[in-house]
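> All chains, full assembly: derive it from the sequences and hints.
Number of protein chains: 2
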Amino acid sequence: MSNLVLEKVNQALGLLQEKEIDLWITFVRETSAGGDPVLPLIFGDGDLTWQSALILSRSGERSALVGRFDAPAVEAAGVYPTVVGYDESLRPELLRVLERLAPESIALNYSPDDVLADGLSHGLYQVLMGYLAGTPFAERVISAAGVIGALRCRKTSGEVARIRAAIQTTLDIYARTFDQVQPGMSEAEIAAFMHGQIDERGLGPAWHLDHCPTVNAGPDSPVGHVGAGAYRIERGQLLHFDFGVQQDGFCADLQRMVYFLASGESAPPEPVQRGFDAALHALQAAVAAMKPGVRGVDVDAAGRAAVVEAGYPEYKHATGHHLGRLAHDGGGVLGPAWERYGDTPFRPLEVGHVYAVELGLAVPGYGYIGLEEDVVVTDSGAEYVGEPQVELVLR
Amino acid sequence: MSNLVLEKVNQALGLLQEKEIDLWITFVRETSAGGDPVLPLIFGDGDLTWQSALILSRSGERSALVGRFDAPAVEAAGVYPTVVGYDESLRPELLRVLERLAPESIALNYSPDDVLADGLSHGLYQVLMGYLAGTPFAERVISAAGVIGALRCRKTSGEVARIRAAIQTTLDIYARTFDQVQPGMSEAEIAAFMHGQIDERGLGPAWHLDHCPTVNAGPDSPVGHVGAGAYRIERGQLLHFDFGVQQDGFCADLQRMVYFLASGESAPPEPVQRGFDAALHALQAAVAAMKPGVRGVDVDAAGRAAVVEAGYPEYKHATGHHLGRLAHDGGGVLGPAWERYGDTPFRPLEVGHVYAVELGLAVPGYGYIGLEEDVVVTDSGAEYVGEPQVELVLR
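Listed in order, the protein sequences are those of chains A and B. Position 349, counted from 1, in the first sequence is what the numbering used here calls 349; the numbers after and before it change by one each time, with no gaps. Position 122, counted from 1, in the second sequence is what the numbering used here calls 122; the numbers after and before it change by one each time, with no gaps.
Wrong hints could be hidden among the right ones.
Where chains are identical, the list cannot tell them apart; a pair therefore holds if satisfied intra-copy or between any two copies.
Stated by the list, open to error - Below, a list of computed lysine to any residue pairs in the SDA-like style, where the Cα atoms sit at most 25 Å apart: (1) Lys316 / Glu93; (2) Lys316 / Tyr131; (3) Lys291 / Gly381; (4) Lys316 / Gly85; (5) Lys291 / Glu18; (6) Lys291 / Gly352; (7) Lys316 / Phe69.
Hints were generated in silico from the structure; no laboratory data involved.
Okay, structure coming up:
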């Protein structure tokens with residue numbers, strides 16, 4: 001773990017230079033109660049109890065100001081060469097560092113748009129601004145969202161390798177599940193089989209177990225962030241999955257489609273095949289639009305337009321999101337210019353970004369078709385990580 | 001789970017009346033990435049993905065404004081009778097509720113002092129203030145820390161019962177560990193035995209597994225939030241533990257002391273016995289000072305003075321903290337008036353509060369003596385939850 005953390009901390013020092021930010025302070029306390037989502041990247045999985053400041057500077061400084069009881073563990077981890085343990089108040093230690101480094105810009109972890117760059121709580125922000133009150137530093141505070149977004153989203157090769165492994169495991173569990181599903185099984189029974197597959201491997205789900213997997217059997221099952229329920233899959237219906245494992249700290253996120261042939265059918269009926277082809281074509285159009293420098297909103301438009309042009313209603317969600325330590329790994333989205341997405345659809349794609357690309361449409365009378373593939377952005381475009389679904393699985 | 005959540009939501013409605021606050025908004029998004037620590041109390045363990053507002057009012061309103069894909073699960077949970085699912089922006093739905101209820105005070109989840117009442121991130125605070133800009137409501141925002149602190153810290157009988165069960169399990173694991181420890185065992189070996197006991201019962205640690213338990217063998221082992229390490233317990237030394245399990249969503253937090261009799265000893269040497277007696281007397285003095293209305297700082301002073309009067313150095317931490325869903329369960333502390341504790345030592349004890357009371361001192365040449373007991377505040381004082389340690393365990 002510590003090597004990956006050191007790799008990311010060094011990446012962060014480079015990002016401060018690239019973005020011309022003098023100082024980045026991650027200010028936290030009692031992290032066992034939640035903590036800043038950037039901590040797994042730049043600190044690892046230990047706890048910080050009293051008010052603590054992890055300080056990285058454009059000049060290459062790596063300092064941790066922490067409560068005295070936390071200091072030995074932070075020193076032992078070896079990521080921060082300078083560890084200062086304090087007894088009564090963080091303020092004097094913090095001001096000492098600021099006076100020594102005299103930063104013109106001080107980045108803090110807040111962002112209206114990116115939950116993973118927004119780890120500074122409002123009360124703790126007030127505390128910090130109280131410490132800086134009356135100093136010139138109070139006026140030099142900026143958002144660290146640019147640094148954090150780039151740090152989280154530009155995956156190192158080690159990170160991509162871990163995501164790839166999580167995807168392979170997810171595809172393996174899908175394959176075993178497709179062998180197992182039978183007409184008459186309930187969504188809950190199918191989900192239980194997949195949970196057993198996760199447990200057997202000693203892994204976790206990529207998101208909350210209650211709806212990982214989401215399983216939708218037939219046309220009446222409600223689609224969305226809802227658990228697998230009581231509907232039973234029958235012949236002549238579509239079975240939809242949204243699922244991924246978390247493995248070695250990293251996630252997969254893939255949707256898959258199965259059609260249960262009705263009695264006498266040797267192929268899916270026309271509306272089902274047409275729906276699948278439309279979804280597949282739209283997803284491929286979105287992936288084809290992906291390359292460094294393109295904005296998420298343009299990738300979204302490619303997928304969205306293809307669905308609408310094929311005669312289906314516009315889907316009510318973004319076409320994609322970053323994937324990494326979390327299934328929704330922050331940063332920009334491949335999404336439309338809707339208010340709730342803020343500025344996130346306007347961020348350009350970069351080499352090393354890993355996205356889950358997803359879209360869907362309903363086929364009345366048969367069920368929901370949702371497809372989702374994971375891709376990594378390279379110099380020349382986007383490459384699928386793991387084999388994409390290009391045909392309906394038939395049962 | 002849902003019954004306990006409904007119990008706490010109803011308690012919250014009563015607290016809004018008691019504290020004369022018109023409206024309380026818990027504003028969150030992408031809670032799978034962390035989320036507000038109040039969510040387990042008033043929402044349960046599901047996720048909210050898009051910007052979401054859980055609204056409780058002094059007039060008894062319980063409304064959830066959530067993204068459309070989250071709405072079915074929130075409806076199914078049954079805690080919020082009014083669930084509004086939105087597509088593009090939360091703002092119009094939120095303003096509609098505010099205009100209808102016309103609150104004079106709107107409490108939000110921020111607090112400089114209480115990490116568990118500080119779940120609103122600074123960026124999300126900026127988003128919300130943007131929504132309220134140009135309305136009279138922007139001026140009516142206050143901290144919800146009083147409501148959240150009382151809600152979390154006044155344990156219902158159902159909550160106390162769960163804490164009691166976690167303590168019983170912790171004492172049982174301690175008893176088995178005391179049977180198991182032998183001179184020559186390393187701190188890490190002892191911790192591994194206790195981890196095995198947690199695993200066998202299908203439970204979790206009350207805080208990070210790396211230092212739950214903390215085990216200190218002899219005089220050279222570093223004390224603090226550091227893992228069990230390489231020191232081996234030898235005859236003529238003190239063995240110190242800090243440990244608790246998390247069971248059914250609630251925690252225990254207890255310190256225990258063992259002395260390994262040296263060859264020829266039938267009782268601990270005078271400095272060891274005197275140190276234990278001083279620590280025990282100080283802890284009992286702190287517990288004796290506890291009753292409703294007393295401030296944490298006064299409880300702290302009772303324990304702290306007893307240690308100093310017995311001739312030992314003043315310990316560098318607070319004498320106690322709330323215990324509940326978390327080992328450090330927010331709210332006030334039984335602590336000194338040090339800057340890093342903010343206003344938390346000045347909060348009065350209330351009936352239903354559950355605290356871990358802890359203090360310690362070093363006995364040079366023998367080791368560290370730390371004691372910690374869990375107590376519940378009643379009308380007449382404080383009662384131990386679980387049997388306290390009143391004698392050194394001898395091995």
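> Run every hint past the structure and note whether it holds.
Against the structure, the hints:
no., hint, result
1, Lys316 / Glu93, "between (49 Å within a copy, 17 Å between copies)"
2, Lys316 / Tyr131, "between (44 Å within a copy, 22 Å between copies)"
3, Lys291 / Gly381, "within (4 Å within a copy, 67 Å between copies)"
4, Lys316 / Gly85, "between (50 Å within a copy, 12 Å between copies)"
5, Lys291 / Glu18, "within (21 Å within a copy, 57 Å between copies)"
6, Lys291 / Gly352, "within (11 Å within a copy, 59 Å between copies)"
7, Lys316 / Phe69, "between (49 Å within a copy, 9 Å between copies)"
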